[in-house]
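S.K.: Sequence order for the protein chains is E and X.
Okay, so the first sequence: first residue is 0 according to numbering that gives the first Met the number 0, each after it adds one.
Okay, so the second sequence: first residue is 0 according to numbering that gives the first Met the number 0, each after it adds one.
Do not take every clue at face value.
Because identical chains cannot be distinguished in the list, a pair is counted as satisfied if it fits within a single copy or across any two copies.
To be verified - Derived pair list, reagent style DSS-like, types lysine-lysine, alpha-carbon separation capped at 27 Å: (1) LYS7 / LYS341; (2) LYS408 / LYS491; (3) LYS524 / LYS404; (4) LYS75 / LYS45; (5) LYS404 / LYS127; (6) LYS414 / LYS180; (7) LYS65 / LYS5; (8) LYS75 / LYS524; (9) LYS17 / LYS414; (10) LYS127 / LYS492; (11) LYS524 / LYS127.
For the record, the hints were derived by calculation from the structure and aren't laboratory data.
Being a predicted model, the structure only gives us computed values, none of them experimental.
Protein chains: 2
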Amino acid sequence: MSFEIKEKDLLGRIGKLKTRTATVETPLLFPVINPSSQPISSRRLKETFGCQALITNSYIIKKRFKQTPIEQGLHKFLDYDGAIMTDSGAYQILVYGEVEVTQKEIVAYQEGIGSDIATILDIPTGWKVTLEEAEVTVAETLRRAKAFFDLKIRDDILWVGPIQGGRHLDLVAQSAVEMSKLPFQIHALGSPTEVMENYRYDVLADMILTAKRGIPFERPLHLFGAGHPSMFALAVSLGCDLFDSAAYALYAREGRYMTENGTWRLDQMDYFPCSCPQCVSETPEGLQRKPAKEREIFLAEHNLYVCLAELRRIKQAIRDGRLWEHTEMRLHAHPALLSALKRVRSHEDFLEKFSPTVKSSGFFYFDAVGLARPEIVHYRKRLTERYMPPTEAKVLLLVPQTRNKPFHKAPEMKKIRQLMRMLGGELSDQVHVCVYAAPFGVVPLELDEVYPLSQHEVAMPIDIETIRYVAEQTAEFIKRGSYQGIVLLNDKKLWNTTVKDATQDACRMCALAFDFVEANTDGTKEMLLNIEQALRRQLGAK
Amino acid sequence: MSFEIKEKDLLGRIGKLKTRTATVETPLLFPVINPSSQPISSRRLKETFGCQALITNSYIIKKRFKQTPIEQGLHKFLDYDGAIMTDSGAYQILVYGEVEVTQKEIVAYQEGIGSDIATILDIPTGWKVTLEEAEVTVAETLRRAKAFFDLKIRDDILWVGPIQGGRHLDLVAQSAVEMSKLPFQIHALGSPTEVMENYRYDVLADMILTAKRGIPFERPLHLFGAGHPSMFALAVSLGCDLFDSAAYALYAREGRYMTENGTWRLDQMDYFPCSCPQCVSETPEGLQRKPAKEREIFLAEHNLYVCLAELRRIKQAIRDGRLWEHTEMRLHAHPALLSALKRVRSHEDFLEKFSPTVKSSGFFYFDAVGLARPEIVHYRKRLTERYMPPTEAKVLLLVPQTRNKPFHKAPEMKKIRQLMRMLGGELSDQVHVCVYAAPFGVVPLELDEVYPLSQHEVAMPIDIETIRYVAEQTAEFIKRGSYQGIVLLNDKKLWNTTVKDATQDACRMCALAFDFVEANTDGTKEMLLNIEQALRRQLGAK
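The shape of chain E in the complex, shown without the other chains (with noise of 0.2 Å):
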C-alpha cells in the first residue's frame, strides 16, 4: 500500500503517502505551479515553505513545452525534488468544452515526464446541470477509467481516479462504488469549485460524505481545487486528504488577502491580522505603494503561509482528538460553512463508525450543531444496545446535571447520598440514581467516570435544542427500561419543564407512577423531604 494511516479524527487522518520519488504527510496541500509565471520559485516552495509536493498541469505543460520535459525529466524541468502531482486538462474541458488532447495522449505524456501522481482524463459534471447531462458524465468518466488501465505502461506512478455526479448525490455514490471497483491508487473528488463559488457548502459536505461512503477507507481522496484555508478544516474532517491550490497564487494577483476564515482586498484593510514574516515586516499601506509585482509576490507568500499554518494547525488537532472543536471553529467563519457541519447530523453514523471516540482528552460543546460528534452517537448507541440498569432498582431518580464533574463527587451529591442513608439500605438499593445531562440525556451515576461522561464543557444556559434531545433520551431511556415509577427533580432555572413534561408524557404512555420536585436552593431539606417521601410511596412504604 503507497499510503498509510499513522492518527485518525472524524473521517481525518495523518497519513504517509509514498510516491515514485518521495514520501510526503498528508493532509497535504498541493501548490499550484504554472512554469510560465510563478510569484514563487518552486525551489523557495520547498527550502523557505517546506512544501513537500506541488501540482502542475499537465495538458499546459505539453502545449506550451511539448518534448522539454520528457528529455528533462518533469522534477528537474521544474527545479523541485519533492512529490510532483499533474492534473490532465479536464478542469479546461470543465471551462472550455474540450480540450486538444486524447486521454491516450495524455497519460502517455504523464508517464513520459514521470509524474509522481496523474490523473486520468475525466470528465467534469460542474453544477448547474440537469440530471442526464450530470449522468453523461459519469458514465463518460468511467468508461476512461476502464479504458485506462489498457493505455498505462508504467507501475511506478500513483494514478488518481476521478469522482463525479455533482451536487447528483446518487451519481456520485454510484460514481464511487464503480471507480472504487478499479485498482487506483488515490480518488479525487470533481467538481467542486463552481458548488463553493456558490457558497453551498452544505451540498459539498454532501458530496464529500457520499464519495466516502462509495471508496474504501484507505484510499486518500483528493479535494480538487480547493485551496481556500477557510474550508480545510471542514474537508479533512470529512475524510479529504488532498488539495491543491491555485487560490494562494490567483488571490495574490487580484489584490487578495487569505485568513484562516475569509478574504480581504487590499485595498479594504488598515492592518494584517497575521504573524507570518511577510505581514510582520509591512503595512497594509506601505505594501500598496509598492510596485504590483511586489505586491504580488507579498501576498501569494502570506496566503501560502497561512495555508500551510492552517494545514499544520488541522493536523495537531487530529493528534490532540480535537479535530470536530477545531472544525466547528473555524465553520464560524461563515453561515454557509456552518450549514455544512449542520449536514454531518444526517450522516452521523458513519462519522461515529470510523472516528475513534476515546480520547485522551475531554470535549467542548457549545450548541446542537455538537450532537453528530461520535462520541456522542456512540454514547447514544451503546446506552441503547448494551446498557442495563441494576436488576433490583425499582424507582429510577433523575437529577439535574451539576457543574462539578465527575457528577457524583459533586457537592450536591452528597444531599442525595445523605438521602439514600434516610431512606435506609433495604429501600435505597431500589432506587436507581441517574443524571440528566448535556449533552448525553441519562447519564446511570455508576457510569459517570466513563469517557466522555465527566470529560466534557457545556457552554452555559444550554441552547433549547440540547433541552429537547436530553429531553427525548430521557423519555427513551424510561420506555426502555423496566422501573416502576421515576422521581424527577426538576432544576427550572436550567431545563425549565422540557425535560420534565418529556418524562411525564413517558411515564403516562407506560403508566408508570412519577413524582416530580422543584430544585431549591434555599430550602434543601424541604426539598430532600419532598423526593424522600415520592421515593417511599412509589416503593410502597412508609
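Could you slot chain X onto chain E? The hints should help.
M.R.: Just chain X now, kept in the frame of chain E:
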C-alpha cells in the same frame, strides 16, 4: 482630552491615547517588563515587535532599584522610548495581603520616575470573598482614590482609577459611579485574574459591562491581568481598551505555547499551528532539543507575536464593522468563553445604544447567540416604536423568507406579485405583504432594502431558538397592528409549525381572521389559488 475615539463597533473602539511621551493606538497591549529578567529586551519589543507601550511594576522597581530609576528617568532606565505604564503593587496586596509601601510613597515614586500612565494603590477585591469583605475593598479603594488627588504633584501623568467589587455586581456599579466622579483619565477593572482562572468568563462579562455602564464612555478602560489572546475579542467588544500581559513571558517559562484559541504545552505538540517568524523556522521536536533559555525566548516571542496579531485582527474587525462576527468566532474556542457572549443578551440595550447599527457590509448570523446583536435589537425597536403599516392595509399576507435577497426581487415573490395582479388593484391595495425572516421577525416588503434586512447571511437550517424568536416577533407585530385578518404562507420544511402556531394564537387573542396555506413547490398553482381565496374571503370579496 487625552483619549480620542476614531472608530467604533459594539462597545469596542480604535482610539488615540496621548501620553506624556508618546501617542499610542488602542486597543493596546502593554507587555509586562520585569527589569531583572526579561526574555525579550524592551528595545526589541519596540523595534522588532512594534510595541508602542509597556508596563512595569513600580513597587518592585522601587524595592529593587530604589533611586536609580528616579535619577535616570524610567524611559532611560528601561531603554525604551514608547509609553510606559506603571502598576502600584496592588496585585501584591491581593497575593500577599499587604505591601511595604504607602500610597503616598508609591504615588511620589511614580511621579519621580516619570511614568506615562500610573496607578493609585487600590485594594483588589479578589474572587472568593463575601459581600462584606468586598465592600471593604471598594470603600477603601474609593477613600484612597479621593485622597490621591491631594498627593499628586505632576499634571502630565495619566492616572488610573481602578474599579473594584469583584463578582458582586452592585458593588462594581457603585465603585464605577463613584470613581468616575473623580478626574481620572483612565479607569481599570480590578481583580479579573481569578475570575479568568476559574473560567468564569460569564461573570467577567457582567463585571466589565457593569463597570462600563458606570464610567463615561470617552474614558479608556484597562483590564488588569488579561493577557491571553483568546479573550481579547470578548474584552474589546465589551469596551476594554487596554490590556497588560505578563502571560506571554510567564507561559514561555512554563513551556506553554499560546494561540488565539487556547494554549498547548510544548511537549504535547507535533506541529506549530502558526506562521510567525519563529514557528516557520522550527519544529516542536527541534525546539525541545534546544537549551531551556533558548526555548523560553522562542516561546515568549511566539506568544507575543500571537497577541499582537490578534489585536491587529480585532482592530481590522472594528474598521470593517465586523467585531461581533470576529468575537463570536473566537469565543468558540471554549464553552466558558461562549457563555460570556450569551450573557450579553441581558445587556443588549446598552450595546445597542453605543454601537453603530448601520454598516458598510452585511452581517453573519449563526444562531440565537446573535440575537443580542445591536443591528437586530435596533430593528426590533424601530419596528415597534416607529413603524406604521400602510393605512389602506386590511389583511396581512405573511410569506416565508427566500434564499435570495432582497426578498422582493426573489423568484418566489414573482408569484406573489402575479397573485396581486389576479386580485386586482382595489383589493391588492388592501393586502400588506410582509416576509417573516430569521433573525428579524417580520420584514415589511417595502422596507426590505433597508440595512441590514437584505445584507445578512443566516446559517441554514435555522436553529429552533431563532425560529421561536421570529414567531414571537410575528405575534407581537400582529398584536400591535390593526389588520382585520392574517393569511400565512407556511414553509413547514424550514419553520415547522412554530410561526404558524404563534400567528394563530395572536389572531385568536385579537379576534382576527386567520388562514394559512402550506407552501408547496410542486403545486404552485393550487397554492396561489388557495391564498387568493383566503385573501378574498377575508376582504369580503368574491
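S.K.: Look at each hint and say if it fits the structure.
M.R.: Results for each hint:
{"no.": "1", "hint": "LYS7 / LYS341", "in the structure": "within (21 Å within a copy, 33 Å between copies)"}
{"no.": "2", "hint": "LYS408 / LYS491", "in the structure": "within (22 Å within a copy, 45 Å between copies)"}
{"no.": "3", "hint": "LYS524 / LYS404", "in the structure": "within (23 Å within a copy, 58 Å between copies)"}
{"no.": "4", "hint": "LYS75 / LYS45", "in the structure": "within (14 Å within a copy, 45 Å between copies)"}
{"no.": "5", "hint": "LYS404 / LYS127", "in the structure": "between (51 Å within a copy, 20 Å between copies)"}
{"no.": "6", "hint": "LYS414 / LYS180", "in the structure": "neither (62 Å within a copy, 48 Å between copies)"}
{"no.": "7", "hint": "LYS65 / LYS5", "in the structure": "neither (40 Å within a copy, 59 Å between copies)"}
{"no.": "8", "hint": "LYS75 / LYS524", "in the structure": "neither (83 Å within a copy, 66 Å between copies)"}
{"no.": "9", "hint": "LYS17 / LYS414", "in the structure": "neither (60 Å within a copy, 58 Å between copies)"}
{"no.": "10", "hint": "LYS127 / LYS492", "in the structure": "between (50 Å within a copy, 23 Å between copies)"}
{"no.": "11", "hint": "LYS524 / LYS127", "in the structure": "between (67 Å within a copy, 25 Å between copies)"}
The structure is inconsistent with the numbered hints 6, 7, 8, 9, although it conforms to all the rest.
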